[in-house]
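Asks: So the sequences go chain by chain: A and B. With my numbering, letter number 413 in the first sequence gets 419, and the count goes up by one each step, no holes. With my numbering, letter number 41 in the second sequence gets 53, and the count goes up by one each step, no holes.
These aren't lab readings, by the way, just hints derived from the structure by calculation. One should not assume that every hint holds.
What the hints assert, rightly or not - With a Cα cut of at most 27 Å, we get these calculated DSS-like pairs of lysine-lysine:
| hint | chain 1 | residue 1 | chain 2 | residue 2 |
| --- | --- | --- | --- | --- |
| 1 | B | K129 | A | K241 |
| 2 | A | K249 | B | K86 |
| 3 | A | K103 | A | K23 |
| 4 | B | K86 | A | K267 |
| 5 | B | K137 | A | K223 |
| 6 | B | K120 | A | K249 |
| 7 | A | K285 | A | K223 |
| 8 | A | K374 | B | K34 |
| 9 | A | K22 | A | K35 |
| 10 | A | K55 | B | K29 |
| 11 | B | K29 | A | K167 |
| 12 | A | K87 | A | K103 |
| 13 | A | K241 | B | K86 |
| 14 | B | K29 | A | K267 |
Said to hold, decoys possible - Simulated DEER-style distance windows between Cβ atoms:
| hint | chain 1 | residue 1 | chain 2 | residue 2 | range |
| --- | --- | --- | --- | --- | --- |
| 15 | B | K133 | A | T215 | 34 to 42 Å |
| 16 | B | D102 | A | H275 | 27 to 35 Å |
| 17 | A | E200 | B | T36 | 17 to 25 Å |
| 18 | A | L208 | B | Q50 | 32 to 40 Å |
| 19 | B | D102 | A | G368 | 19 to 27 Å |
| 20 | B | D102 | A | N230 | 53 to 61 Å |
| 21 | B | E104 | A | L208 | 25 to 33 Å |
| 22 | B | A126 | A | E245 | 22 to 30 Å |
Idealized CB from N, CA, C, for every residue including glycine.
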Amino acid sequence: MILVNIISFFLLYYLKKFFGGENFSPELKKYFKFGMLGAGILALAGITKIPPKLLFDFLSLALAGGIIFLIINSPELEEQKNLAVTPLPILVVQVVKFILETFLPSYYEVIDKYLAAAGFFAIIWAVTMWLNHRKEMKAIQIERMISKEKERQLFLAQERKEELERLVRARTSEIQNQKEELLQALNHLKSTQEQLVQQEKLASLGQLTAGIAHEIKNPLNFINNFAELSEDFLKEIQEEVQKENGQMDRENLQDLLEDVKSNLKKIRHHGHRADNIVKSMLMHSRGEKGEIKNTDLNALIREYTNLAFHGMRANPNPINVEIALDLDESLKPILLNAEDFSRVILNLTKNAFDAMRDKINGVSSDYKAKLEIRTKELEDKVLLEIEDNGPGVPEEIKDKLLMPFFTTKKGTDGTGLGLSITHDIVKSHGGSLEIQSKVGEFTRFRILLPNSAT
Amino acid sequence: MKILIVDDERDIEDLFKQKFRKETRNLGLELVFAFSGQEALNILGSENPPEVMYVFSDINMPGMSGLEMLSIAKERFPQIQISMISAYGDSENYNKAMESGAKGFFTKPVDFEALRKEIVKILTK
Numbered sequence: 007m008i009l010v011n012i013i014s015f016f017l018l019y020y021l022k023k024f025f026g027g028e029n030f031s032p033e034l035k036k037y038f039k040f041g042m043l044g045a046g047i048l049a050l051a052g053i054t055k056i057p058p059k060l061l062f063d064f065l066s067l068a069l070a071g072g073i074i075f076l077i078i079n080s081p082e083l084e085e086q087k088n089l090a091v092t093p094l095p096i097l098v099v100q101v102v103k104f105i106l107e108t109f110l111p112s113y114y115e116v117i118d119k120y121l122a123a124a125g126f127f128a129i130i131w132a133v134t135m136w137l138n139h140r141k142e143m144k145a146i147q148i149e150r151m152i153s154k155e156k157e158r159q160l161f162l163a164q165e166r167k168e169e170l171e172r173l174v175r176a177r178t179s180e181i182q183n184q185k186e187e188l189l190q191a192l193n194h195l196k197s198t199q200e201q202l203v204q205q206e207k208l209a210s211l212g213q214l215t216a217g218i219a220h221e222i223k224n225p226l227n228f229i230n231n232f233a234e235l236s237e238d239f240l241k242e243i244q245e246e247v248q249k250e251n252g253q254m255d256r257e258n259l260q261d262l263l264e265d266v267k268s269n270l271k272k273i274r275h276h277g278h279r280a281d282n283i284v285k286s287m288l289m290h291s292r293g294e295k296g297e298i299k300n301t302d303l304n305a306l307i308r309e310y311t312n313l314a315f316h317g318m319r320a321n322p323n324p325i326n327v328e329i330a331l332d333l334d335e336s337l338k339p340i341l342l343n344a345e346d347f348s349r350v351i352l353n354l355t356k357n358a359f360d361a362m363r364d365k366i367n368g369v370s371s372d373y374k375a376k377l378e379i380r381t382k383e384l385e386d387k388v389l390l391e392i393e394d395n396g397p398g399v400p401e402e403i404k405d406k407l408l409m410p411f412f413t414t415k416k417g418t419d420g421t422g423l424g425l426s427i428t429h430d431i432v433k434s435h436g437g438s439l440e441i442q443s444k445v446g447e448f449t450r451f452r453i454l455l456p457n458s459a460t
Numbered sequence: 013m014k015i016l017i018v019d020d021e022r023d024i025e026d027l028f029k030q031k032f033r034k035e036t037r038n039l040g041l042e043l044v045f046a047f048s049g050q051e052a053l054n055i056l057g058s059e060n061p062p063e064v065m066y067v068f069s070d071i072n073m074p075g076m077s078g079l080e081m082l083s084i085a086k087e088r089f090p091q092i093q094i095s096m097i098s099a100y101g102d103s104e105n106y107n108k109a110m111e112s113g114a115k116g117f118f119t120k121p122v123d124f125e126a127l128r129k130e131i132v133k134i135l136t137k
């Protein structure tokens, strides 16, 4: 029976050592404490043989049964339930032994040997079970460790992921800020560019103002003069009509009437002319875009070459220049944004005048400045050439000529945008611009436009 | 008496013809017209001796300017009187014209009464 107590003690000790601690409720700990104490006392009592054997045996079995009952019924020991089974056969053998010894001593003597054998097997079985349980427990522990490690790794990974996410968020907002700043800078640049383009427009308008004033003055003078003449003629006609029959000079009357008629026609013509000039001036000063419509390119060239010429003449440092227009009269109207395209003509003629002025100031007096403007209808294109016999363009700056802000003009003479804008306008019409030049001889701007004549 | 008017505006012909209608009919004035400096020199050079006695020329014309025409014409036909007409009454043009031997300098819009007086003076000389 001492064995039962040792087993009881060992069972409690083992469970407490390996599975006790935090997991155990204080109540369970108390059971364990008293259980171990009880087992210890019983074992000692068994050795000293102080209590009567019957009581000792009964208490020992009761304690062992109580412990097994405790193991099976404690939720904290769910996994250790198998352990409760371990000493069960020993206990059964001891119980049987106890019952037989106490109540049927005659039988006991007969099966004592069998009981001893059963007790032996029960011990082997208990040991085997216990070893098994230990193995299982170790496996569970390893599994626990693995899952704990996994959990740790997962936690670390989670932490790392959060750290990365934080970094990404920080970087994203940084990039977002930078993007916003860049966007602002871009918008600023855009509006500056628009302002520059507008300024360039106004600059070319300023250049034209004198030419336009001159151009308007001419038709207005004609209108005034022809109106005044017509008034005089009508007075004369009135006088003639009031003469006596026979004295009336019919021929003179006829002449006067013809003149008045033709004068009125001229007044209308010149009024129309002035009107057009004002219209085109307004077109230039307004910031809005013109519209693409069928346009007589030759007429546009005539009008704006003339304006550019008079503008140049009216501005400081006018030069004498022969303007030769060689326009293909078979050219039908093509689709153009007249407002934009007129600036191509103005810019290129102004550019030519400036170039030729440089040559006039630089070379001997027998140089005659000449500007030639040609149009020609090709199969599916319209060719426009503006050629001056100025100083020409050196090969090394030819490519730069169309770049914004590139200028060979000193000081405030040029914005450096004229040719770049010209190029943009040509491109927006689906056309191409090519510069051909020979230093000292000529510069030729060759523009090819799609022939959209219908 | 022949007077040559040089201007690149075509309607100047009708205008002058009408303005000097009476002088043409009554005082024997004959008006000829050229529409460029070169054409003016051609007309002057085509007559020998030149019949044109007086030239009124615009300054701003494409190609040969009035001032260029003036100095060439004055060199070749010093006896012909030439007056300039300019839309721009700047002193630079005026000085150049006078240096090149111009007789007078009129600004646009042309004061036809002043011009008429000048012409009548020549006609009645």
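Asks: Each hint needs a verdict: does it hold in this structure or not?
Replies: Here's how the hints hold up against the structure:
no.	hint	in the structure
1	B:K129 to A:K241	22 Å, holds
2	A:K249 to B:K86	49 Å, violated
3	A:K103 to A:K23	32 Å, violated
4	B:K86 to A:K267	39 Å, violated
5	B:K137 to A:K223	34 Å, violated
6	B:K120 to A:K249	38 Å, violated
7	A:K285 to A:K223	15 Å, holds
8	A:K374 to B:K34	42 Å, violated
9	A:K22 to A:K35	8 Å, holds
10	A:K55 to B:K29	167 Å, violated
11	B:K29 to A:K167	99 Å, violated
12	A:K87 to A:K103	25 Å, holds
13	A:K241 to B:K86	42 Å, violated
14	B:K29 to A:K267	15 Å, holds
15	B:K133 to A:T215: 34 to 42 Å	38 Å, holds
16	B:D102 to A:H275: 27 to 35 Å	29 Å, holds
17	A:E200 to B:T36: 17 to 25 Å	59 Å, violated
18	A:L208 to B:Q50: 32 to 40 Å	37 Å, holds
19	B:D102 to A:G368: 19 to 27 Å	25 Å, holds
20	B:D102 to A:N230: 53 to 61 Å	23 Å, violated
21	B:E104 to A:L208: 25 to 33 Å	27 Å, holds
22	B:A126 to A:E245: 22 to 30 Å	26 Å, holds
In this structure, the hints that do not hold are numbers 2, 3, 4, 5, 6, 8, 10, 11, 13, 17 and 20, in rising order.
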